[in-house]
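Undergrad: Chains as they are written, first to last, in the working numbering: chain C, 889 to 1482; chain L, 148 to 218.
Heads up, some of the hints might be wrong.
Not the full set, but computed from the structure, chain C residues with beta-carbon under 8 Å of chain L [unchecked claim]:
| hint | residue |
| --- | --- |
| 1 | I897 |
| 2 | K1126 |
| 3 | L1129 |
| 4 | L1132 |
| 5 | F1133 |
| 6 | V1422 |
| 7 | I1426 |
| 8 | A1433 |
| 9 | M1470 |
| 10 | I1471 |
| 11 | Y1472 |
| 12 | D1474 |
Derived from the structure by calculation, the hints contain no laboratory data. The beta carbon of each residue, even a glycine, is placed where N, CA and C say it ideally should be.
If you want the building blocks of each chain, they are given just below.
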Amino acid sequence: MSEKSTKGIWKIITASSLGTMIEWYDFYIFGSLAVVLSTKFFPTDNPTAAFLSTLATFAAGFVVRPFGALFFGRLGDLIGRKYTFMVTLLIMGGATFLIGCIPSYQTIGYLAPLLVLLLRLLQGLALGGEYGGAATYVAEHAPKNQKGYWTSWIQITATAGLFLSLLVILLTKGLLSKEAFEEWGWRVPFWISIFMVIISYVIRKNMDESPAFAKAKTEGKTSLNPLKESFNNRLNLKFILLALFGATMGQGVVWYTGQFYAMSFMKTVQNIDSSQVDTLLVIALLLGTPFFVLFGWLSDKIGRKAIMMTGLLLAVFLYRPIYREMYLLTDAKTMKESGNSLVSDGCKVIDSPVASILTESDKADPSIKNSKVFIVTKMDSLFSSGAIFHYTKTDTLFLDKALAFDLNINAKKEVWLKYDAKNSNGDFIHTSVKLKNSLKAGDTPAGVDTIHCGSLRQFADGKSIHKSHEFGKSKIANLIVTKNITSNVKWYLVFLVFIQVLFVTMVYGPIAAFLVEMFPVKIRYTSMSLPYHVGNGIFGGLLPAISTYFVTTAKNVGNPEFYLEGLWDPIGIAAVCFIIGMIYIDRKINTLHD
Amino acid sequence: MNTLKKYLGIVWILLAMAISYYFIGIFGSKLTSGKQDDLVFGIIIFFILLPLIVTGLTIFGWYALTDEYED
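Extracted from the complex, chain L is given alone in its bound form:
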């Protein structure tokens, strides 16, 4: 189980990167559409949700990789 926990750390870091790519692709147009509602939505996605997921998952993955979650 400890080995699984450790190597899944890589998956979480990769997932963080994949989410960034996906969010930019899907919601990127929101920031440039010129509509006020889209802008608010885009700001929340890009400046709150995305950094939180990416930073959090990366640190979580790093901790897993460095055996912080070992039994």
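Next up, chain C with everything else stripped away, as it sits in the complex:
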């Protein structure tokens, strides 16, 4: 390759990659901020349900990707790659910016989640059109025996977009107070997108059409009906199916396991502090990213199939050991067994107000029946290694006649709720909570002096210290654990996530070149986009929701290894994909349309 043409292709790579990276950034901002978005846009008192609603919207964004692939793929094969992926860039940027401008549910009611859903669908459509265009455009500029290397730069953009989204969120969180971020700061990453899109649009505007498409157009060899030619032609349809079941389906689940399920697992199953997870993920992604290019380049030398299939096989066999190791690193029981003793085994109340009272009557009468008291207790558990687990436990006490006996008003007119609780030795100890002077619906007490409580182990096991309470019926309403991990654990987790990112680079690095080479120029955009987005959007995009469902179900039935159950989805799909790929993909498949 001459120096001039190398310079030319670098210009093309930069312009294409920048735009595609921004589109991925736009797309992932939504997923990375799923937890805060759920509290802003989805009307429910249950945070888990709210989070699942967001995941569902997330899935909606993925599910429409194949439709975007069809719509914009057709356009790309009819009018050209360049104009099509400029349109997708503008749609994506506009939708992202507008999500950041939507008032919350509290302000405009149901219109808020509806608008978010519509804009999310637009994002999915745009992304469906973008990737195929960029990959095709770069591949059609690259020399025949270097397509793997040059298209691997486009492959980096998906991870780079995720990396950028996490980085922008971390920076925004770092610059703003927690309250400011939760109130309006979460909108900043959405607003930033519009500037990046404008820059990318200007760069792309000055690019030329792909030489292969321009030649086909000049010779009148472009397709008149790309959809019909792609899916009504048995010869082409068999390759679309082979691309899906023998490559992109497995690649999609490996991608989403390594980069999204790993994040979701650490945040919601291991309960590690969200910022710590984001940081360690950023490091793992940064370390793994160069391997996209390495495996893309290697695929030009030894073939795409060998690398992709090795990545799938490693994922199938190593996911369970990796995730078991991840979970045990932050499991309190395992930590104690491995000599990491609990320094502070008591319960230290660290915040106030920590209790609120709600009665079913307006009467300010402490002896009223059928009242409910919510006691929110915040505690820390410190390990010798330096790890700190934060517990926020909400107990609901249903007051009955007997428990009313425990409500006392002293000489200072302070109301005390007194009850007994079991400590770690099983003995009953006296417990007092000071409540507000008057008892009426919605009251929040001024604070609590002391809560003596039992072993943290009981909380970690989800058992109530009030279970054997003698005076009133009670139950645990909620227990939220947030774990601050030590530096050693953090680096080990970085390593374990990095291994998963390596699998991602093996299956994803060569796949753009693999798909482009499978289909002829005139229907390439349409034909390669569909299996890519079905594999990634549907098989991959639905993975976090399906895996979370498996984990929750296993946890509810008391499966001791519940945390590994979510892996059956990626392992099963990757295994089937490996078998199909090994048997049906011919190594000469990339020379079909030379």
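Keeping the supplied structure of chain C fixed, place chain L upon it in accordance with the hints.
TA: Showing chain L alone in chain C's frame:
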């Protein structure tokens, strides 16, 4: 290898059927639980993922069985 490719076609068709049975058994309750989140999840599984896997794998298996993937 061509014989293996051909007869594995039957396996892919059977796998498509087994997946339908499994999905209905596992996720069927999602459509009738009455919860909004379950309904969204169920709709995505039953009306997008399941038809895609079943139709796609069946056609793929049929093509394999009719020697479309022969070398």
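Undergrad: Indicate, hint by hint, whether the structure satisfies it.
TA: So, going through the hints one by one against the coordinates:
no.: 1; hint: I897; verdict: 34 Å, violated
no.: 2; hint: K1126; verdict: 5 Å, holds
no.: 3; hint: L1129; verdict: 5 Å, holds
no.: 4; hint: L1132; verdict: 6 Å, holds
no.: 5; hint: F1133; verdict: 6 Å, holds
no.: 6; hint: V1422; verdict: 7 Å, holds
no.: 7; hint: I1426; verdict: 6 Å, holds
no.: 8; hint: A1433; verdict: 6 Å, holds
no.: 9; hint: M1470; verdict: 11 Å, violated
no.: 10; hint: I1471; verdict: 6 Å, holds
no.: 11; hint: Y1472; verdict: 5 Å, holds
no.: 12; hint: D1474; verdict: 7 Å, holds
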